[in-house]
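Engineer: Spelled out from the first residue to the last, the chains are:
2 protein chains.
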Amino acid sequence: MDAIAPTGKVTTFLAKLNDALEAQDADAAAALFATECYWRDLVALTWNIKTMEGRDAIAEMLRATLGSARPRHLTLDGDATEAGGVSEGWFTFETETGRGRGHLRLNGEGCWTLLTTLQELKGFEEPKGPARPRGVEHGVQPGRKSYAERMEEERRELGYSRQPEVVIIGGGQGGIALGARLRRLGVPTIILEKNERAGDSWRKRYKSLCLHDPVWYDHLPYLPFPDHWPVFAPKDKLGDWLESYTKIMELNYWTRSTAQSARWDEAAGEWVIEVEREGRPVTLRPKQLVLATGMSGVPNMPKIPGMESFKGDIHHSSRHPGPDGFKGKKVVVIGSNNSSHDICAALWEAGVDVTMLQRSSTHIVKSDTLMELALGALYSEEAVANGIDVNTADLIFASIPYKVLPAIQKPQCDETKKRDADFYRRLENAGFMLDFGADETGLFLKYLRRGSGYYIDVGASDLVANGSIKLRTGEIDRITENAVVMKDGTELPADVIVCATGYGSMNGWAAQLISQEVADRVGKCWGLGSDTPKDPGPWEGELRNMWKPTQVDNLWFHGGNLHQSRHYSQFLALQLKARAEGLATPVYGLAQVHHTG
Amino acid sequence: MDAIAPTGKVTTFLAKLNDALEAQDADAAAALFATECYWRDLVALTWNIKTMEGRDAIAEMLRATLGSARPRHLTLDGDATEAGGVSEGWFTFETETGRGRGHLRLNGEGCWTLLTTLQELKGFEEPKGPARPRGVEHGVQPGRKSYAERMEEERRELGYSRQPEVVIIGGGQGGIALGARLRRLGVPTIILEKNERAGDSWRKRYKSLCLHDPVWYDHLPYLPFPDHWPVFAPKDKLGDWLESYTKIMELNYWTRSTAQSARWDEAAGEWVIEVEREGRPVTLRPKQLVLATGMSGVPNMPKIPGMESFKGDIHHSSRHPGPDGFKGKKVVVIGSNNSSHDICAALWEAGVDVTMLQRSSTHIVKSDTLMELALGALYSEEAVANGIDVNTADLIFASIPYKVLPAIQKPQCDETKKRDADFYRRLENAGFMLDFGADETGLFLKYLRRGSGYYIDVGASDLVANGSIKLRTGEIDRITENAVVMKDGTELPADVIVCATGYGSMNGWAAQLISQEVADRVGKCWGLGSDTPKDPGPWEGELRNMWKPTQVDNLWFHGGNLHQSRHYSQFLALQLKARAEGLATPVYGLAQVHHTG
Chain A
1 MDAIAPTGKV
11 TTFLAKLNDA
21 LEAQDADAAA
31 ALFATECYWR
41 DLVALTWNIK
51 TMEGRDAIAE
61 MLRATLGSAR
71 PRHLTLDGDA
81 TEAGGVSEGW
91 FTFETETGRG
101 RGHLRLNGEG
111 CWTLLTTLQE
121 LKGFEEPKGP
131 ARPRGVEHGV
141 QPGRKSYAER
151 MEEERRELGY
161 SRQPEVVIIG
171 GGQGGIALGA
181 RLRRLGVPTI
191 ILEKNERAGD
201 SWRKRYKSLC
211 LHDPVWYDHL
221 PYLPFPDHWP
231 VFAPKDKLGD
241 WLESYTKIME
251 LNYWTRSTAQ
261 SARWDEAAGE
271 WVIEVEREGR
281 PVTLRPKQLV
291 LATGMSGVPN
301 MPKIPGMESF
311 KGDIHHSSRH
321 PGPDGFKGKK
331 VVVIGSNNSS
341 HDICAALWEA
351 GVDVTMLQRS
361 STHIVKSDTL
371 MELALGALYS
381 EEAVANGIDV
391 NTADLIFASI
401 PYKVLPAIQK
411 PQCDETKKRD
421 ADFYRRLENA
431 GFMLDFGADE
441 TGLFLKYLRR
451 GSGYYIDVGA
461 SDLVANGSIK
471 LRTGEIDRIT
481 ENAVVMKDGT
491 ELPADVIVCA
501 TGYGSMNGWA
511 AQLISQEVAD
521 RVGKCWGLGS
531 DTPKDPGPWE
541 GELRNMWKPT
551 QVDNLWFHGG
561 NLHQSRHYSQ
571 FLALQLKARA
581 EGLATPVYGL
591 AQVHHTG
Chain V
1 MDAIAPTGKV
11 TTFLAKLNDA
21 LEAQDADAAA
31 ALFATECYWR
41 DLVALTWNIK
51 TMEGRDAIAE
61 MLRATLGSAR
71 PRHLTLDGDA
81 TEAGGVSEGW
91 FTFETETGRG
101 RGHLRLNGEG
111 CWTLLTTLQE
121 LKGFEEPKGP
131 ARPRGVEHGV
141 QPGRKSYAER
151 MEEERRELGY
161 SRQPEVVIIG
171 GGQGGIALGA
181 RLRRLGVPTI
191 ILEKNERAGD
201 SWRKRYKSLC
211 LHDPVWYDHL
221 PYLPFPDHWP
231 VFAPKDKLGD
241 WLESYTKIME
251 LNYWTRSTAQ
261 SARWDEAAGE
271 WVIEVEREGR
281 PVTLRPKQLV
291 LATGMSGVPN
301 MPKIPGMESF
311 KGDIHHSSRH
321 PGPDGFKGKK
331 VVVIGSNNSS
341 HDICAALWEA
351 GVDVTMLQRS
361 STHIVKSDTL
371 MELALGALYS
381 EEAVANGIDV
391 NTADLIFASI
401 PYKVLPAIQK
411 PQCDETKKRD
421 ADFYRRLENA
431 GFMLDFGADE
441 TGLFLKYLRR
451 GSGYYIDVGA
461 SDLVANGSIK
471 LRTGEIDRIT
481 ENAVVMKDGT
491 ELPADVIVCA
501 TGYGSMNGWA
511 AQLISQEVAD
521 RVGKCWGLGS
531 DTPKDPGPWE
541 GELRNMWKPT
551 QVDNLWFHGG
561 NLHQSRHYSQ
571 FLALQLKARA
581 EGLATPVYGL
591 AQVHHTG
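Which chain is which? The protein sequence lines are A and V, in order. Numbering follows the UniProt record's numbering, with no gaps: position 379 of the first sequence is 379. Numbering follows the UniProt record's numbering, with no gaps: position 227 of the second sequence is 227.
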């Protein structure tokens, strides 16, 4: 209630921390933290995305980084607040190379969580607001080139007579968001997209698809959706938005372009990427290579005995064309996660006889419940009305250490179970195998740990519950000419089999493009090391290999949902810009590789 | 300094005004105003754009409108402020049909200026923010159409099997801004654009062109430029933005489409417009027709003796292709306003021998000075930092009655003269005929009164001053095979003559499209009736025929710079929406026609 007490508390703490940091006293700084404590750094001190857990880890990080990073001028920004014995506040700070924004939480013992994020590089600030360009310079200059001529020249030269600094493979939301940030930072970049138009990766999916995340969570950098944008954008509308966005942001976006191979040229210190652009070969030689082909890797096609004998159409969900061609046929969809539910519902809507084949338990959460309980405080109309803009929301989100998340998510998950008890009961009565995550913490942790194993219900669950979508559970024994046969002997007649069986790790792309050796050196992408299904330990504290340096120099992985593409592209772009400008970027705590994929 | 005193004052005033209005007591309401007083109404009470000047005019308007409009719930919004003896504040209010926003200024005597603006129609609010659509509805519906299918259906049907409510002729910024607002209001609209792509009306202009107004003044509705947008956008960048904007806003934007003729079908109560769309005839039958072909009308080609004998290339500035084809030629540009300066400078930059032929005096103001003195308080990075968003700036701008403008502009103009005295001296020394408007009030009033007679200097004036662009002043006697001959006998050899001789009134488009009779009934467009050159009296108090009902039912004129296209499209869109929904829209004080063009 009283804004002065927490503000005084946080101000005093920041002054002490600032003193310790300026005195290069790692132990004194670490001693200001509580017994249970976390310092999450996004590229500000560590040139890495890293969470230090506990005083010792914090002291070790500071010993390694204080000398070069020299963080200073920690200054409270706005008033601090207090709730449940925890004071929290925002602060700004500087390092040797940049300016940052931070957030901290204090409990009775000291600092509980600290977030430090790099916001801009000194001398390489984005030209925005008061620093925006003038546009065409007034005054007259004989023979000067117009904007259109300069743009045309850049399009003609970049990748041919002049090499880009960065090549991004994959022109979905990840590549586009990163490309926009690099454009604002003045880093010459080419984005390679295999489709004909930006946005096609959405347009080409099944026709009823809409975003499962709400609009407030989905903005791209710099150009928020207008305020009439629907809560759940249909795929084609999002595709069109992405296409306009690439134009407005003036990205060098090469459509109908695929990277055939890439290798690191050690002598030249650059990648050599063989590209086919609209049917013609082009060799690109960037310093940095970013794989932004989605948070998922190569489609997983299951190996099922007898598959090759199947006479009908069998395809992976990523190649599913939508329901229109399947009227009058019997379709079996293997899998029970998001894609399977969406595909089954669209088939049912089109009047197709469809069976969902569930092999293992799935977490289901109703979209409305998720929006309200999990996202509402940060990403909603109410949050906007409370002055929480998307950048602030992203930083609050980022301020919660992954280690702490299960304890925060568990009560939300419990509340979800209670609120939708009847819904879950109906699903179980229909034979659906439900779970709520290994530790009953729900969707978001499943997403972070394995990126799969759930469905955000936007309607299909009712069809499963009432039998409109037929449900079969259990293990598959084999596939015959015209059926899927279960271990219990049941035979499911099928004209079409859709394998909604997920994707491998993103480093599979590196194997395809570069080499298995490089993919293995990078190791598994995504996941936290939570020691839960499909996310083996040891604990990593951050998503593996995402948006940060990997064991392979100059190779980066970028992906995730729209929120992550927006937020983490900022930090990946700053890392790339620093390297392009030749700044020292000593990486602290480069993650070890424990799993190859 | 003290925020409480003015807030109390304004609150008390609003309560009294509210009481008088609710009591339907026009005289009591008018008596609350100062001797010199203005009530400017944008569609809230009058269904017109109208300024009432003086207590009598206010009382008369209220007598006519109170019964139907029933304004009420006038409520101060935020704190009032005080400066120089004038208290001012914002307020909200309601009418029978809508909700509004207003602004008022009180002096010692009573209310000096009052602005009332209609912001939304009850029951027909824009679906934005908390009222935004859900997007694709969750749940399942057999046979439902996807977003892409629904969009495709609309594109296929509108104008063919289903008629639009509104047709807008002209797809520049005016038509686009209005189209976006009508789309949000759910009014089926088709925009006709003669060019191949949205934005071509900018792209096709001479290559060095950039906006002369700064970015903060230029936003379109709903989707502001991102904050790296240049201060003065180059024409092609603006063209590309407009093109993306039409797509993002999902406008029914017909390119390569021209209206051949239009007539009002009295029996059917609709326009019959013969259109050629991509070479094929289409007949459109909308209820409302908007001419948005620019604030200027048909190009003025001067009639000069001997013109027909000229052997070279003679063309109007609107058809000038830019300098590239004119190397090695002698070019004479007739006229000395914006277009002439821009064209001359681009020709000089390209190394062409160019002469500007000035026939009458011109107002020149340096862009930087204009930005700082005239726009800085409302449209600048500082204004943004002070929390003045573009909507607020537009309303403050709108709150100043045209009658009061000269007294406000005069000191700015005087300051301009002082600040740039050396610049003006150099121009006069070169023989340039300068003016600062009939009453020395500068650019903005010239713009409002006649839309011409000035140049916003972005560099060409230096070329005139130093003789790089040759300057000749005086009257033309005749044109020969290869020269322009002045009244004083001087001969200006010419291979090319560009007539930068301006445009007629917008109702000229109605003459071309509909009939001279209709054009004459509409009368002259633009101008205030200031009794200054090219703006004959009597005093009108508002721009003639712009964005408001004309003497010809269901025919509307929309145009102006980006600022006006943005701001006034709001009120035109609300007028059109109200008619589309069949609401009563009794127009008060429809302007009389005093001049036919």
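Simulated from the structure, these hints should not be mistaken for laboratory data. Take these hints with a grain of salt, some might be off.
Identical copies look the same in the list; a pair holds intra-copy or inter-copy alike.
What the hints assert, rightly or not - Okay, derived cross-link-like pairs now, DSS-like style, lysine-lysine, Cα gap no bigger than 27 Å in a straight line: (1) Lys303 - Lys410; (2) Lys145 - Lys470; (3) Lys9 - Lys534; (4) Lys204 - Lys247; (5) Lys403 - Lys330; (6) Lys9 - Lys145; (7) Lys303 - Lys145; (8) Lys417 - Lys534.
Every value quoted in this text rests on a predicted model; they were computed, and no experiment measured them.
Engineer: Each hint should be assessed against the structure and marked as holding or not.
Structural biologist: Hints, one by one, checked against the model:
In this assembly of identical chains, the alpha carbons of lysine 303 and lysine 410 never lie at most 27 Å apart, being 36 Å within a copy and 83 Å across copies at closest. With identical chains, the CA atoms of lysine 145 and lysine 470 are at most 27 Å apart between copies only, with a shortest distance of 23 Å across copies and 65 Å within one. Proximity of lysine 9 to lysine 534 under the C-alpha cut-off of 27 Å is found in neither arrangement, the shortest distances being 43 Å within a copy and 68 Å between copies. In this assembly of identical chains, the alpha carbons of lysine 204 and lysine 247 lie at most 27 Å apart whether taken from the same copy (20 Å) or from different copies (19 Å).
Taking identical chains as interchangeable, the C-alpha atoms of lysine 403 and lysine 330 are never at most 27 Å apart, the minima being 45 Å within one chain and 76 Å between chains. Neither within a single protomer nor between protomers do lysine 9 and lysine 145 lie at most 27 Å apart by alpha-carbon distance, with minima of 57 Å and 57 Å respectively. For the identical chains of this complex, lysine 303 and lysine 145 are neighbours neither inside a copy (59 Å) nor across copies (36 Å), given an alpha-carbon limit of 27 Å. Within a single copy, lysine 417 and lysine 534 get their C-alpha atoms as close as 24 Å, which meets the 27 Å cut-off; across copies the closest is 75 Å, which misses it.
When each numbered hint is compared with the structure, violations occur for hints 1, 3, 5, 6 and 7.
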